Each structure stands twice: as structure tokens, then as C-alpha cells.
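Asker: What follows is the residue order along each chain.
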Amino acid sequence: MFVRLSTAVAVICLLGTPSFAQGAKPTDPQIAHIAYTAGVIDVTAAKQAIKKSKNKAVVSFAKDMVRDHEAVNKQALALVKKLKVTPEDNDTSRTLTKQAAAKQAELAKLKGAAYDKAYAANEVAYHKAVIGALETQLIPASSNAELKGLLETGVKIFQGHLEHAEHVAAELK
Amino acid sequence: MLPGLKFVAVLGVVVGAMGSIPAQAETIRVNIDKLVFAPANISAKVGDTIQWVNEDVLAHTATVKGDWDVMIPPKKTVSFVLKKAGDVEYYCRFHPNMKGRIAIAPK
Ligand SMILES: [Cu+2]
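Protein chains in written order, with my numbering: chain B, 1 to 173; chain D, 174 to 280.
Keep in mind that the hints were calculated from the coordinates and are not lab data. Any given hint could be a false lead.
[What the hints assert, rightly or not] List of simulated lysine to any residue pairs, SDA-like, C-alpha gap at most 20 Å:
1) D:Lys272 / B:Thr153
2) B:Lys51 / B:Ala102
3) B:Lys156 / D:Glu199
[To be verified] From the derived model, a few chain B residues whose C-beta atoms are all more than 12 Å from chain D:
4) Pro29
5) Lys74
6) Thr86
7) Asp89
8) Lys111
9) Ala114
10) Glu135
11) Asn144
12) Lys156
[Said to hold, decoys possible] Part of the chain D face toward chain B, derived, beta carbon under 10 Å:
13) Ala232
14) Cys265
15) His268
For clarity, every value in this text was computed on a predicted model and none was experimentally measured. The C-beta atom is built at its ideal place from N, Cα and C for all residues, glycine as well.
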């Protein structure tokens with residue numbers, strides 16, 4: 001068990017799990033921007049998967065990610081409009097986008113089963129990181145109740161996707 | 174009393190008198206809101222209809238492994254008639270953290 005656990009930790013470190021900037025408490029406009037960015041990143045990664053992968057389970061998972069995150073982000077945009085909050089770019093969003101671009105460039109070099117495995121593993125790690133950030137930073141920091149509610153639903157969505165990604169990753173082994 | 178209710182009452186008496194006629198099939202609503210099936214646990218019988226009302230902007234499914242798979246598009250209501258008795262656990266293929274259970278009695 002110990003051996004397996006440390007292997008898992010090593011694998012996650014190799015993958016370079018996205019990190020969320022720690023520091024000053026983000027404001028609601030910044031939180032909205034971070035949450036939106038987190039969705040956009042997963043859609044971009046999924047679109048790459050739809051183009052590159054020939055694995056049925058991987059492609060259908062990727063299509064699910066596009067559909068869900070686009071639907072949620074549309075809902076998020078409607079909410080910020082209603083609340084008259086303008087999403088504000090910030091260090092966390094910028095770091096996330098930069099890390100995601102690097103990951104995508106890395107995945108672009110892979111092919112076939114190697115790509116499928118790396119994409120699925122990254123989806124697992126990414127969803128875990130977002131859930132962590134939502135629960136420990138973004139939800140506690142948000143002051144608007146409706147925004148908080150949307151983020152809480154976001155946790156459930158990301159948890160659902162995480163379980164789904166874990167099934168896909170397990171099938172590829 | 175409303176005429177409709179009176180009719181149902183009369184029908185009830187008639188069906189009751191006939192005795193051997195199987196119970197009327199029912200429609201059971203299960204709401205889906207923020208990735209939760211509510212109620213999560215229901216009791217039904219063969220021939221009953223389950224009606225999932227999806228309030229989310231997300232598509233969900235009600236899936237029983239190795240058996241049925243019902244697609245529930247966003248903001249839509251989907252019905253499904255139960256055909257076999259048994260205790261089934263169902264989940265959403267897109268969000269496997271969504272779970273429900275139906276105890277299906279024979280007709
Ligand atoms: Cu679902």
C-alpha cells in the first residue's frame with residue numbers, strides 16, 4: 001500500500017498538477033474569473049482530445065467535458081451579468097492558463113495510447129486540483145451567496161467528472 | 174367535490190369490488206437539481222413510470238450497469254416504464270457521483 005501510494009504521488013508530481021496561487025484573499029470578480037478560466041481550460045484540453053484521440057471512451061469523455069463546462073460557463077456568465085460583477089483577470093487565472101498551455105504543448109507531442117493515458121491522468125489531476133481550490137480557497141472567500149452557490153454546484157460537477165475520468169483512466173491500463 | 178375526483182372515487186370502488194384487477198400503474202417523479210436525484214430512494218412496481226425532471230443545465234443519465242440507460246437532457250422531463258422486478262441502483266454516466274435506487278415490486 002505504501003509503495004503504491006508513493007508511486008501515485010510521484011506520478012502526480014511528474015504531471016505537474018496545476019497550482020493555485022496562495023496569498024491574498026480573492027475578490028468576487030476575481031473568483032468569477034478563476035472559476036470561468038478553470039472551465040475554459042478543461043474545454044480546450046477536451047477539444048484537443050477530440051481531435052487527437054481514436055479511443056471511443058476518451059473521445060466521449062472529452063465531449064462530455066466540452067458540453068458540461070460550456071453549459072456551466074454560460075450559466076456563470078448569466079449570473080455575473082445579473083450581479084453586475086465584471087470578472088477580473090488575476091495572478092491565479094494567469095498562472096492556470098500558463099500551466100494549461102504548457103501541458104497542452106506537452107500532450108500535443110504524444111500519440112495513440114500514450115496520449116490517451118496522459119490526457120486521462122491529467123484530467124484526474126486537474127479535476128482534483130480544481131476541487132481543492134474551490135473548497136479551500138474560492139468558496140470560503142466568496143461573499144455573494146449566489147456566486148457561492150454556483151461554486152458549490154461546481155464542486156459536485158468536478159467531483160462527477162473526476163470519478164468519470166478515473167473510470168476512463170482505469171480502462172486504459 | 175370536483176367531478177374528476179368523484180369519478181376517481183367511483184372507479185376506486187369498482188376496482189375494489191372486482192378485486193383481482195392488478196393495481197393501477199403509477200407515475201413517480203424524481204427531481205434532478207444541482208446533480209442530486211430527489212428522492213434518491215423510491216419504491217415502485219413493474220409497469221410504473223419513473224419521470225425524471227431535470228432542472229439542471231447539464232445532461233444526465235439514469236443508468237443501471239448492464240441494463241437500461243436513460244438519457245435526460247438539460248431542462249427536460251423523461252419518462253421510463255419499469256419492466257422488471259428487483260432492487261436496482263442507478264447512477265449518472267456523466268457524473269457517477271449521482272446515485273439513486275428503486276425497489277421494484279412485481280406486478
Ligand atoms: Cu449527471
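Asker: Should the interface hint for alanine 232 (chain D) be scored as holding, given a Cβ-Cβ cut-off of 10 Å against chain B?
Answerer: holds, 7 Å
Asker: Does histidine 268 (chain D) hold up as a contact with chain B if the rule is Cβ-Cβ below 10 Å?
Answerer: holds, 3 Å
Asker: Do the alpha carbons of lysine 272 (chain D) and threonine 153 (chain B) lie within 20 Å of each other, as the hint requires?
Answerer: Measuring from Cα to Cα gives roughly 16 Å; hence the hint holds.
Asker: Any Cβ of chain D at or closer than 12 Å to lysine 156 (chain B), or is the non-interface label fine?
Answerer: Contrary to the label, lysine 156 (chain B) does not stay out of reach of chain D, its closest Cβ about 4 Å off (not over 12 Å).
Asker: Checking the smallest CB distance to chain D, is threonine 86 (chain B) really beyond 12 Å?
Answerer: holds, 22 Å
Asker: Straight-line Cα separation of lysine 51 (chain B) and alanine 102 (chain B) no greater than 20 Å?
Answerer: holds, 18 Å
Asker: Test the statement that alanine 114 (chain B) is away from the interface with chain D: the closest C-beta pair must be farther apart than 12 Å.
Answerer: Nearest chain D Cβ is 26 Å from alanine 114 (chain B), so the label holds.
Asker: Between lysine 156 (chain B) and glutamate 199 (chain D), does the CA-CA distance stay at or below 20 Å?
Answerer: Distance ~31 Å between lysine 156 (chain B) and glutamate 199 (chain D) Cα, so the pair is violated.
Asker: Over 12 Å from every CB of chain D: does glutamate 135 (chain B) meet that, or does the non-interface label fail?
Answerer: holds, 15 Å
Asker: Per the stated criterion, does the least C-beta distance between asparagine 144 (chain B) and chain D lie above 12 Å, as a non-interface residue requires?
Answerer: Since the minimum Cβ distance to chain D is about 17 Å, asparagine 144 (chain B) lies beyond 12 Å and the statement holds.
Asker: Please confirm whether proline 29 (chain B) is truly not at the interface, meaning its C-beta sits more than 12 Å away from all C-beta atoms of chain D.
Answerer: holds, 22 Å
Asker: Run the C-beta distances from lysine 74 (chain B) to all of chain D and say if the shortest one exceeds 12 Å.
Answerer: Per Cβ check, lysine 74 (chain B) is inside 12 Å of chain D; nearest 7 Å; violated.
Hints 3, 5 and 12 from the earlier list are contradicted by this structure; the remaining hints agree with it.
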